[in-house]
Amino acid sequence: MRLLALTAVLLLGANGAHAASFALADHCPPSFDMAEDGRCHLVSLYQMYTAAPGQGGLRVPLPELKGSYTPQQIDLGRLLFFDPVLSGDGKSSCAHCHHPDLAYADGRTTGMGASGEGVGPARRQGDVLPRNTPGLWNVGFLGRLFWDGRATSLEEQSVGPLFAANEMASTPDHVRQALAMNPEYRRLFAQAFQRSANQPIALEEVATALAAFETSLVSLNSRFDRYAHGDDRALSDSEVRGWNVFRGFVGRCTQCHVPPLFQSDDLAAIGAPPVPGQPYDQGAGVLPPADPALNGAFKVPTLRNIALTAPYFQAGQFAQLADVVDFYNAPRGHAVPPGAKVELHWHIHMRQAELPPQDVADLLSFLNALTDTSMSPQVPTAVPSGLPVIPRLHP
Amino acid sequence: MRGSKPMTASALALATAWISLAASQALGATLTVKAGESIQAAVKRALPGDRIEVEPGLYKETVFIDKDGIELSGIVRGGQWPVLDGENKLNDGVLVSGHGVTIERLWVKRYKGNGIMTQGSNNYRIAYNVVEGPCFYAIFPQFGKNGLVTHNVAFGSEDAAIYVGMSDNVDVVHNQTYASIIGIESENSHDILIENNYVHDNVVGIATTMLPALPVKSSDRIIIRNNIVARNNMKNTAPPGAITAGAPPGLGILVLGTDHTTVEGNLIRDNDGVGVMVSETNFLVTTPDDRMDPFPDSTQVLRNVFLNNGSNPQGTLRDLLDIAGVERGVDVLATGKGRDHCIADRLALTTLGTRNFADCAPGTTSAAVASMQTAKPVVATPFTADQKGRLTYLAVCTGCHTYNSKLVGPPMVVIKALYGKDEQRLADYIAKPVRKRPDYPEMPSQDYLPEDIRLAVARYILSELSH
Numbered sequence: 001m002r003l004l005a006l007t008a009v010l011l012l013g014a015n016g017a018h019a020a021s022f023a024l025a026d027h028c029p030p031s032f033d034m035a036e037d038g039r040c041h042l043v044s045l046y047q048m049y050t051a052a053p054g055q056g057g058l059r060v061p062l063p064e065l066k067g068s069y070t071p072q073q074i075d076l077g078r079l080l081f082f083d084p085v086l087s088g089d090g091k092s093s094c095a096h097c098h099h100p101d102l103a104y105a106d107g108r109t110t111g112m113g114a115s116g117e118g119v120g121p122a123r124r125q126g127d128v129l130p131r132n133t134p135g136l137w138n139v140g141f142l143g144r145l146f147w148d149g150r151a152t153s154l155e156e157q158s159v160g161p162l163f164a165a166n167e168m169a170s171t172p173d174h175v176r177q178a179l180a181m182n183p184e185y186r187r188l189f190a191q192a193f194q195r196s197a198n199q200p201i202a203l204e205e206v207a208t209a210l211a212a213f214e215t216s217l218v219s220l221n222s223r224f225d226r227y228a229h230g231d232d233r234a235l236s237d238s239e240v241r242g243w244n245v246f247r248g249f250v251g252r253c254t255q256c257h258v259p260p261l262f263q264s265d266d267l268a269a270i271g272a273p274p275v276p277g278q279p280y281d282q283g284a285g286v287l288p289p290a291d292p293a294l295n296g297a298f299k300v301p302t303l304r305n306i307a308l309t310a311p312y313f314q315a316g317q318f319a320q321l322a323d324v325v326d327f328y329n330a331p332r333g334h335a336v337p338p339g340a341k342v343e344l345h346w347h348i349h350m351r352q353a354e355l356p357p358q359d360v361a362d363l364l365s366f367l368n369a370l371t372d373t374s375m376s377p378q379v380p381t382a383v384p385s386g387l388p389v390i391p392r393l394h395p
Numbered sequence: 396m397r398g399s400k401p402m403t404a405s406a407l408a409l410a411t412a413w414i415s416l417a418a419s420q421a422l423g424a425t426l427t428v429k430a431g432e433s434i435q436a437a438v439k440r441a442l443p444g445d446r447i448e449v450e451p452g453l454y455k456e457t458v459f460i461d462k463d464g465i466e467l468s469g470i471v472r473g474g475q476w477p478v479l480d481g482e483n484k485l486n487d488g489v490l491v492s493g494h495g496v497t498i499e500r501l502w503v504k505r506y507k508g509n510g511i512m513t514q515g516s517n518n519y520r521i522a523y524n525v526v527e528g529p530c531f532y533a534i535f536p537q538f539g540k541n542g543l544v545t546h547n548v549a550f551g552s553e554d555a556a557i558y559v560g561m562s563d564n565v566d567v568v569h570n571q572t573y574a575s576i577i578g579i580e581s582e583n584s585h586d587i588l589i590e591n592n593y594v595h596d597n598v599v600g601i602a603t604t605m606l607p608a609l610p611v612k613s614s615d616r617i618i619i620r621n622n623i624v625a626r627n628n629m630k631n632t633a634p635p636g637a638i639t640a641g642a643p644p645g646l647g648i649l650v651l652g653t654d655h656t657t658v659e660g661n662l663i664r665d666n667d668g669v670g671v672m673v674s675e676t677n678f679l680v681t682t683p684d685d686r687m688d689p690f691p692d693s694t695q696v697l698r699n700v701f702l703n704n705g706s707n708p709q710g711t712l713r714d715l716l717d718i719a720g721v722e723r724g725v726d727v728l729a730t731g732k733g734r735d736h737c738i739a740d741r742l743a744l745t746t747l748g749t750r751n752f753a754d755c756a757p758g759t760t761s762a763a764v765a766s767m768q769t770a771k772p773v774v775a776t777p778f779t780a781d782q783k784g785r786l787t788y789l790a791v792c793t794g795c796h797t798y799n800s801k802l803v804g805p806p807m808v809v810i811k812a813l814y815g816k817d818e819q820r821l822a823d824y825i826a827k828p829v830r831k832r833p834d835y836p837e838m839p840s841q842d843y844l845p846e847d848i849r850l851a852v853a854r855y856i857l858s859e860l861s862h
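Chains A and B, in that order, are what the protein sequence lines are. Position 241, counted from 1, in the first sequence is what my numbering calls 241; the numbers after and before it change by one each time, with no gaps. Position 24, counted from 1, in the second sequence is what my numbering calls 419; the numbers after and before it change by one each time, with no gaps.
These are computed hints drawn from the structure, not numbers from a lab. These numbers were taken from a predicted model, which means no experiment stands behind them. We treat Cβ as the ideally placed atom computed from N, Cα and C, and that holds for glycine. Be aware that one or more of the hints could be misleading.
What the hints assert, rightly or not - Computed spacing ranges between beta-carbons, pair by pair:
hint: 1; chain 1: B; residue 1: 833; chain 2: A; residue 2: 333; range: 56 to 66 Å
hint: 2; chain 1: B; residue 1: 470; chain 2: A; residue 2: 357; range: 30 to 40 Å
hint: 3; chain 1: A; residue 1: 35; chain 2: B; residue 2: 812; range: 21 to 31 Å
hint: 4; chain 1: B; residue 1: 640; chain 2: A; residue 2: 166; range: 38 to 48 Å
What the hints assert, rightly or not - So the derived list for chain A, only partly shown, Cβ under 7 Å to chain B, looks like this:
hint: 5; residue: 30
hint: 6; residue: 43
hint: 7; residue: 44
hint: 8; residue: 52
hint: 9; residue: 54
hint: 10; residue: 55
hint: 11; residue: 56
hint: 12; residue: 173
hint: 13; residue: 176
hint: 14; residue: 231
hint: 15; residue: 247
hint: 16; residue: 249
hint: 17; residue: 336
Unchecked claim - Derived lysine to aspartate or glutamate pairs resembling EDC-like cross-links, with alpha carbons at most 16 Å apart:
hint: 18; chain 1: B; residue 1: 439; chain 2: A; residue 2: 237
hint: 19; chain 1: B; residue 1: 484; chain 2: A; residue 2: 354
hint: 20; chain 1: B; residue 1: 612; chain 2: A; residue 2: 265
hint: 21; chain 1: B; residue 1: 732; chain 2: B; residue 2: 688
hint: 22; chain 1: A; residue 1: 66; chain 2: A; residue 2: 173
hint: 23; chain 1: B; residue 1: 439; chain 2: A; residue 2: 231
hint: 24; chain 1: B; residue 1: 439; chain 2: A; residue 2: 232
hint: 25; chain 1: B; residue 1: 732; chain 2: B; residue 2: 675
Just need the whole structure built from these sequences, with the hints factored in.
Below is the structure:
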């Protein structure tokens, strides 16, 4: 069990109920260092390299994280992320669907929201959501969020599920009241945002704290990274061949999944298969102002920790990575239903890739070398509301 | 609480560049690859600064270079070349991510993907190669700064024969490209010089493009100068999904959405569509991208020689000319909303759509730009060992250790007390940890970190770390 900075001292009240006294961390999370601005800044071995903005490659710098936050804001965000108090029924926290043991996703084809019980694939009785729950590793680098890219910051994104009736089913009033009634949160918000505890808790502060915590979820120490930084024993022969398929121009995966983050902020119509019995998901194409050229386009997801986030695609159409590779290896546009007007992204293979079985196997090996959860934050054992924290899925 | 100051850009710039030094000083060994041996095996053995000489012979492999400062150099003897043959089965011929790499005098043929590709490499040189299709791009430097592509012959590409993608400061000079969809293309790149090339018998001769839905969102400062651009009238055989499928044959030079593009001193002849076309991105590709500007600005069409262009415009060019009621193609055709263009020699040319082009000021020339390469090699790793020690501690070790409390591993105050000033002993432990504490898991070996970095981390922990 990890003990970061937070020390949760459990006090047994007179009536037997638990109350807790929480202290926010005064130092930055793993892989972050405090700068003179008092905020935590990412430190990564990719800072050793120089390249022009936007360019990918093996030894190139990372894009900047979109936001920087104080240790207290990050730690407060961690408590909020795991606290069901924000949800309408007080039963679901962010972590119920973005579970730390499932790479901050839920292992389901599509998410399960309001009134749901439990976590992960075993979650039941809740509203079935239309899209797959994305994992959160490296989400702080993104300039577009949600599958259709409709939010442009984590702050904006974080309140989306919170106030969606079929997800956490909360309201601004509920959030404000639930937090205002909690003396611990009043104190912690005042500390994190350096203001008087008498001031009301603002929704913007909740969003900032959640974004701060999510920004701390950084995964850059996979075996691939060791290879990138110069250890050519870090990948097996098959994985190296897979890396060559991945970056080469028959596979051309790096054109959208740009290393070293293996993601991009572009929307791409790749011709995903429909979900049986449902209308074809037009993705970004139906966001106002409706743009038919974006029909069926979705945000390019990261491939970091991709082995941990099955099933895949915006509605979990593919159960395994092998299915995904088969999809890309099949002819361009093969899965688009007749009549769906989709302009495929121009980087989708112009001819069928026709990768032979060995290449496909190597590619799969490589994708499994992008796993790293070494900077996992501590899951709190208790949260200020006293409500139960998510169960862990593997000890 | 105050932390240590993060590394600034200026601090980066001050430090040393061991990679480019290693490459330029040629301190390394020479490894020889004989016919029947594996080039990759030599790459695996090579160290930065080494030169690999490849004897004439047939090599059926993909060669990849993920280390810096390697010179891969073919030996041509009595007209016999070292030939890399993908047999239409292998994906790519040569893949490079290392900096300061040279690829020269190889005959690369029949790879399904690219013949020679660099990705994220700086300070590269691709020279004196022959790259033969069918392939996707024959020569494709992508994502990198400061490169030279010179004296190559490239033909038979299903897209551009020489394709400079999302790159900065590249010279493409003295090459011959033909029998490809596009002879030479610069895509979403900056500071590119395309000069003294012979570009003939392609669908499109030379194109500079601003393409959507790519991570680099601008395309600027490109000089197309002193090239021979002739007979680019090949039938377009690009597959229907390709954006080049819409490229009409007969285009000598295409300026598509790029800014500050200069076309000067070229001999542009016998291209059956149009000599020079200045257009916006959606002439070829309509994918929307709200983060880029699709309109070309500040094109300069300076003095060039136009001979016999426009005798048989086809496809979308034909459509455009029909709308204007013009039968024959023109020397210079402009469409779209670009601004601040100029044209020289207007009266000597046939033009269409150039009404918003100013006359270039007399004497305007790009001659002052002899090269777009950077004056000095790009510094690839501007960190001292001590700085790397700190980076590595924060980027790797903090996943399990904090300064003064137990995380996964023991707190660093305990380690500091245990090792005192013995950096070497701590560095050795980092490489080969053994279980010492029953209440902690065994530390995984960190021997993937180079020896000097392990020592630097140990020094950082024992001498610097204080909070």
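Against the structure, the hints come out as follows:
1. Hint check: residue 833(B) to residue 333(A), Cβ distance near 59 Å, so the stated range 56 to 66 Å holds.
2. Between residue 470(B) and residue 357(A) the CB atoms are about 36 Å apart, so this pair conforms to the stated range of 30 to 40 Å.
3. The beta-carbon spacing between residue 35(A) and residue 812(B), approximately 28 Å, falls within the hinted interval of 21 to 31 Å.
4. In this structure, residue 640(B) and residue 166(A) meet the distance hint of 38 to 48 Å, their C-beta atoms being roughly 43 Å apart.
5. Contact between residue 30(A) and chain B, as hinted, is supported at the beta carbon level, the nearest pair being about 4 Å apart and thus within 7 Å.
6. Interface hint at residue 43(A): satisfied, since its Cβ lies 4 Å from the closest Cβ of chain B, which is below the 7 Å cut-off.
7. The restraint placing residue 44(A) at the interface with chain B holds, with a minimum CB-CB distance near 5 Å, inside the 7 Å limit.
8. Contact between residue 52(A) and chain B, as hinted, is supported at the beta carbon level, the nearest pair being about 5 Å apart and thus within 7 Å.
9. For residue 54(A), the shortest C-beta to C-beta distance to chain B is roughly 4 Å, which falls under 7 Å, so the interface hint holds.
10. Nearest Cβ of chain B to the Cβ of residue 55(A): about 4 Å, under the 7 Å cut. The hint holds.
11. Nearest Cβ of chain B to the Cβ of residue 56(A): about 5 Å, under the 7 Å cut. The hint holds.
12. At about 35 Å, the closest approach between the beta carbon of residue 173(A) and any beta carbon in chain B exceeds 7 Å, and the interface hint on this residue is violated.
13. Taking 7 Å as the C-beta contact cut-off toward chain B, the hint placing residue 176(A) at the interface is violated, the least distance being around 31 Å.
14. With a least beta-carbon distance of about 4 Å to chain B, the hint placing residue 231(A) at the interface is held under the 7 Å criterion.
15. Annotation: interface hint on residue 247(A) holds; nearest CB of chain B at approximately 6 Å, less than 7 Å.
16. About 3 Å separates the beta-carbon of residue 249(A) from the nearest beta-carbon of chain B, less than 7 Å, and the hint is met.
17. This hint is violated: residue 336(A) has a C-beta 12 Å from the nearest C-beta of chain B, more than the 7 Å allowed.
18. Between the alpha carbons of residue 439(B) and residue 237(A) the distance comes to roughly 12 Å, so the proposed pair stays at or under 16 Å and holds.
19. Restraint check for residue 484(B) and residue 354(A): the C-alpha separation of about 10 Å stays at or below 16 Å, so the hint holds.
20. Note on residue 612(B) and residue 265(A): the hinted pairing holds, with a Cα-Cα distance of about 11 Å set against a maximum of 16 Å.
21. Our distance criterion of 16 Å between C-alpha atoms is met by residue 732(B) and residue 688(B), whose separation comes to about 11 Å.
22. A threshold of 16 Å between alpha carbons decides the hint, and for residue 66(A) with residue 173(A) the separation of about 28 Å lies outside it, so the pair is violated.
23. With a C-alpha separation of about 12 Å, the suggested pair residue 439(B) and residue 231(A) falls inside the 16 Å cut-off, and the hint holds.
24. Straight-line distance between C-alpha atoms of residue 439(B) and residue 232(A) comes to about 9 Å, which keeps the hinted pair within the 16 Å bound.
25. At most 16 Å may separate the alpha-carbon atoms for a hinted pair to count; residue 732(B) and residue 675(B) meet this at roughly 7 Å.
Checked against the numbered hints given earlier, this structure breaks hints 12, 13, 17 and 22; the rest are met.
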